[in-house]
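There are 4 protein chains.
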Amino acid sequence: MKIKAAIVGATGYVGEELYRILHTHSNVEVTAVTSVSYAGQKYSDIYRNFGHISQLECKDGDLEKLADEVDVIFLALPHGIASKQINAKILEKCKVIDLGADYRLKDQSVYEKWYATAHESADLLKSAVYGLCEVYRDDIKKAQLVANPGCYTTCSILSLLPLVKEGLIDTSTIVIDAKSGVSGAGRGVNIDTLYCECNESIKAYKIASHRHTPEIEQELSFAAGKDIVLSFTPHLTPMNRGILATCYAKAKADYKTIRTVYEKYYGNEFFIRLTKEGVFPETRWVKGTNFVDIGFALDERTGNIVVVGAIDNLIKGAAGQAVQNMNIMFGFDETQALDTAGIFPA
Amino acid sequence: MKIKAAIVGATGYVGEELYRILHTHSNVEVTAVTSVSYAGQKYSDIYRNFGHISQLECKDGDLEKLADEVDVIFLALPHGIASKQINAKILEKCKVIDLGADYRLKDQSVYEKWYATAHESADLLKSAVYGLCEVYRDDIKKAQLVANPGCYTTCSILSLLPLVKEGLIDTSTIVIDAKSGVSGAGRGVNIDTLYCECNESIKAYKIASHRHTPEIEQELSFAAGKDIVLSFTPHLTPMNRGILATCYAKAKADYKTIRTVYEKYYGNEFFIRLTKEGVFPETRWVKGTNFVDIGFALDERTGNIVVVGAIDNLIKGAAGQAVQNMNIMFGFDETQALDTAGIFPA
Amino acid sequence: MKIKAAIVGATGYVGEELYRILHTHSNVEVTAVTSVSYAGQKYSDIYRNFGHISQLECKDGDLEKLADEVDVIFLALPHGIASKQINAKILEKCKVIDLGADYRLKDQSVYEKWYATAHESADLLKSAVYGLCEVYRDDIKKAQLVANPGCYTTCSILSLLPLVKEGLIDTSTIVIDAKSGVSGAGRGVNIDTLYCECNESIKAYKIASHRHTPEIEQELSFAAGKDIVLSFTPHLTPMNRGILATCYAKAKADYKTIRTVYEKYYGNEFFIRLTKEGVFPETRWVKGTNFVDIGFALDERTGNIVVVGAIDNLIKGAAGQAVQNMNIMFGFDETQALDTAGIFPA
Amino acid sequence: MKIKAAIVGATGYVGEELYRILHTHSNVEVTAVTSVSYAGQKYSDIYRNFGHISQLECKDGDLEKLADEVDVIFLALPHGIASKQINAKILEKCKVIDLGADYRLKDQSVYEKWYATAHESADLLKSAVYGLCEVYRDDIKKAQLVANPGCYTTCSILSLLPLVKEGLIDTSTIVIDAKSGVSGAGRGVNIDTLYCECNESIKAYKIASHRHTPEIEQELSFAAGKDIVLSFTPHLTPMNRGILATCYAKAKADYKTIRTVYEKYYGNEFFIRLTKEGVFPETRWVKGTNFVDIGFALDERTGNIVVVGAIDNLIKGAAGQAVQNMNIMFGFDETQALDTAGIFPA
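Chains as they are written, first to last, in our numbering: chain A, 1 to 346; chain B, 1 to 346; chain C, 1 to 346; chain D, 1 to 346.
The set of hints was computed from the structure by calculation and includes no laboratory data. Just so we're clear, the structure is a prediction, and the values are computed from it rather than from any experiment. Heads up, some of the hints might be wrong.
Remember, identical chains collapse to one label, so a pair may be satisfied in a single copy or spanning two.
[Said to hold, decoys possible] Straight-line C-alpha distance at most 25 Å; calculated BS3-like pairs for lysine-lysine:
| # | residue 1 | residue 2 |
| --- | --- | --- |
| 1 | Lys250 | Lys165 |
| 2 | Lys250 | Lys226 |
| 3 | Lys264 | Lys42 |
| 4 | Lys126 | Lys59 |
| 5 | Lys252 | Lys59 |
| 6 | Lys89 | Lys106 |
| 7 | Lys250 | Lys276 |
| 8 | Lys113 | Lys206 |
Please model the entire structure based on the sequences and the hints provided.
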């Protein structure tokens, strides 16, 4: 069986990564790549890594039409666009995986506040499934519309979820200090993401105001069964890819108890690797993969737990998880096209 | 007036940076550079940036002899060596600025615990002055032995000190998440600091166990008038230089009050630059300089303050502050050889 | 059909890349990885990108024994070792692909001069096939011992071969200016490959003396049917991977003639991509792949042709070409495990 | 004595570097910085490395007016603008150092062909002095208008000039393969200079068509006393700063003869450092300085000489040489504000 897939917004970094991964998937054929900016151009002229790989030309995508032609549509668009274009009719015809933010937040008002825009298809929020595979696998199987999680959020939520769900930390003390590679900022031209402006420098940005904050809080609140408010600070790091989330909270259990819980939650998850005691994640080991590496330490002196999570922001933080979602939705092996060692050094 | 200076351990990155800065100082002549590994070699053959600048040859340094020849000795050595070599006799003859860790911690037992070695000249701990210039300026003026602060510590302490001293944060909640460039790891050969192992990756290391922790705690405790225990996590970032410390704590005052306090403490300090509201430090703006950039935000949702500090780890975090200390000790203009804009992009 | 493979010297960058690629090959099972330095350790503890992928432990490899157990042995060793260990008996039992230099040069005296060591199995030089797949495909099919080409050499030879073979350039004027990422220097600890020594700097090294020179000359001389001597200058570039070879020579034909020749030679080669007129290779587009990108320009003013070739030094320049050789030797599809778009940005 | 200086186009990388250097010059006060894009903004808000250093605000520069107010105007503008604005009247009032391309080429038609634009003040071409300090020092002393050389050109010309002038190479065989850091591309927003597009990749560009080619040829032709045509290929290298020029030609003399000539030409030049035999320039050793490092090897096998030159593109390749020119024009010590060791690692 081979399904047909369309990538809408295929010329951003996420869309391109998606195409790369799907190309290696033996049950998928990418039949359409769309781009507003590059419509009419050969894909391999834009992304020359696709030379001798792709023969497709970019189209100016029409969702209604694509829905007739393919089995699954991946949307890799800026927020606010998907919610205008997706509707029940499209969802009857094909499955949709939205890599943007529009269907991630269950509470329309939270979305509208943080994204400062009206939500145009709030009726779909209820049926949309939050595509954090390790958490919502069963719902994803039946979903017609999946909201693929954000990059920072995937890393942060998976790092903390077992602790929150099992009541092992004081949830009023959570601090997440996250570091991302520059590809997270996308391919738009901007003085701030020029080589000479990013290289050899690290900075915090959007302190106390980054839009991934409510998404992390939503999921950890669901897990805790109570409202969680936390501090989240993103940083821009001079590297192409990778997110490292260093998470802090007051611990309410000892190392062994916590270790056991992590193993219970994640011991059978292929894409989650717990590091050994005293060893911590580094983004280089997950670069190019769908893995999440998680490690933690207890600081006996302060009573804090420090949990470190690492992902590739474009893969488990975007395109890879989207493919994982697709695998689940279509009943393929969940690891298909994703079960490779990362390229190193890369 | 021109004083004579010796740099002991001149072929590490800190010693070399010290030499570079002192070379531009109109009141100082560097008359001796020493190195165990490179004794007998021309300095400019080891560090070719010194071609046409330095004619010196590395000597195998004997402190007693150097003390007879120079006015000030800078020690840029691994910990545990200075404490074996410095003694009262040397200090009678010349001033000493130790860039290592041996005289930073006032409590010998804390030193011996964290550094896992005996302190060989604990009698000097009392008279040694902790060389954090903005805090101990008056003591430094009279000091014969200055313990130059660590890199992470300089950045962390200066970022938090006004808050701690004025009781504006809950000191039981302090978390410092710090990111350093690779030069902080020194020039020793090690698989972990090879180009391909560091490039394109970020990691946390020595979680809850880094030796700069007790130094930060000592100084913040002095400021608070009570014992402070805090979480400190260093990270290795793919860049040559720079430290960014992102500091978190529960705030006990509003933005304006806090801003006023920072301005009271630092408004007249040349080397401390407070960023405007909504603007935050980035290591590129302090690279190559002795500046500390500090900015903060209040997270209304969590009640946390987030303070960000940035320095060049080899300058304000080592060699630059050492020169600033020397300037104070010898009555030179405190900013001499240090009052330059940073090189950018660098 | 699934063959068994052993990787000898599996913990260098080339060995590790080989393992990564072979892991994705549906007709190969890697059953042994060997390492002198890491014998007894779990492979995924050394290279953590192999977590949840590899369960193997490093062995201290014995070639005779391995030859009994596997169908193909890959040797990723420093030069001078393979020639001591490989012998006819081993080659009767299994195929060997040597990624080192020992069997590349057909003339023993040239080897011994450039490598300053005696060749211990010169009797095998004649039967060993130089594994430049696009050139020696037919010989490789029948080979028992393949000498996998060097990284600089693969890029340089493929860039120039059609010109040389068809007499389109003055072969007495060839200059190859090549730039390599740091992974080419291997994983050995060395002050010169520390992060802070390589980052933000480019240099030429081994001018007029690099060991890949005679290898390039040998192959171009074979192609030309006469002895070619050329200038080759390698450079170390601040990036993990990639080789760019910029090649110069006096041209003896016009653009169209040359273009036609390149297309004749490479038009049907999957792994060679000719760039369009006016477009030139960049290492980012081949990173992570087995592709060679080749483009050229004619400088009307000087009469020179400038040919630019780009490869990933660890893939087409080492591990990837080794797998391509294996595919040819065992009758697999030549592109198997190698027909993917490169990861970008990476 | 303290002269007044204006920097026109102060918010590009070259203008900013100029300001940084001039700030350390004890005989110069920068009284005006101009910028079309940032007029009205505080300079230290644009380039935060100037915090606590500069109090200036950007003006929208009027050259006539500036000429009344300052002693020297530095122009750091895209080509084609200076030639429209500079005139004899301005040059009567103050000295001008143009860091752009407009007055470098003595032959108007060559300028107009390569730059594809009309020259608006060709009458000034004759009196304008080409500001390659080591070559035209005496003319610069008397100049009112100096055309500051290009970055690639400075490095290339100085590397080859003694060979050309003394007839030590076959000038019909010159190939210059040059590698530049990304700052050479300026601060304009462009997808090609985004961090993720440049990082981890090297490429050649503008092959056989870069505008610095006629400038190099002009100067080498003057030196040779005959027309020289050569191949010049620029490359974009993933680093902020630095140019390495690897130059090839058939040699007509032996090592010792050539060495002697280099020493005759450059032995007394402070800013030119000849590397020892067997040692070659690396951009890291000149980063942050006005030095040119030059080294060479003879390839006995091919008869080629390989000369390697290294500079910091923004300093000796732009702002530093402009200050050196100013020092000569105003009778200051030629090395003033420029006689520092480079910052390393940087």
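**Request:** Mind listing which of the numbered hints don't hold for this structure, in increasing order?
**Result:** Numbers 4, 5 - these are the hints that the structure violates, sorted from lowest upward.
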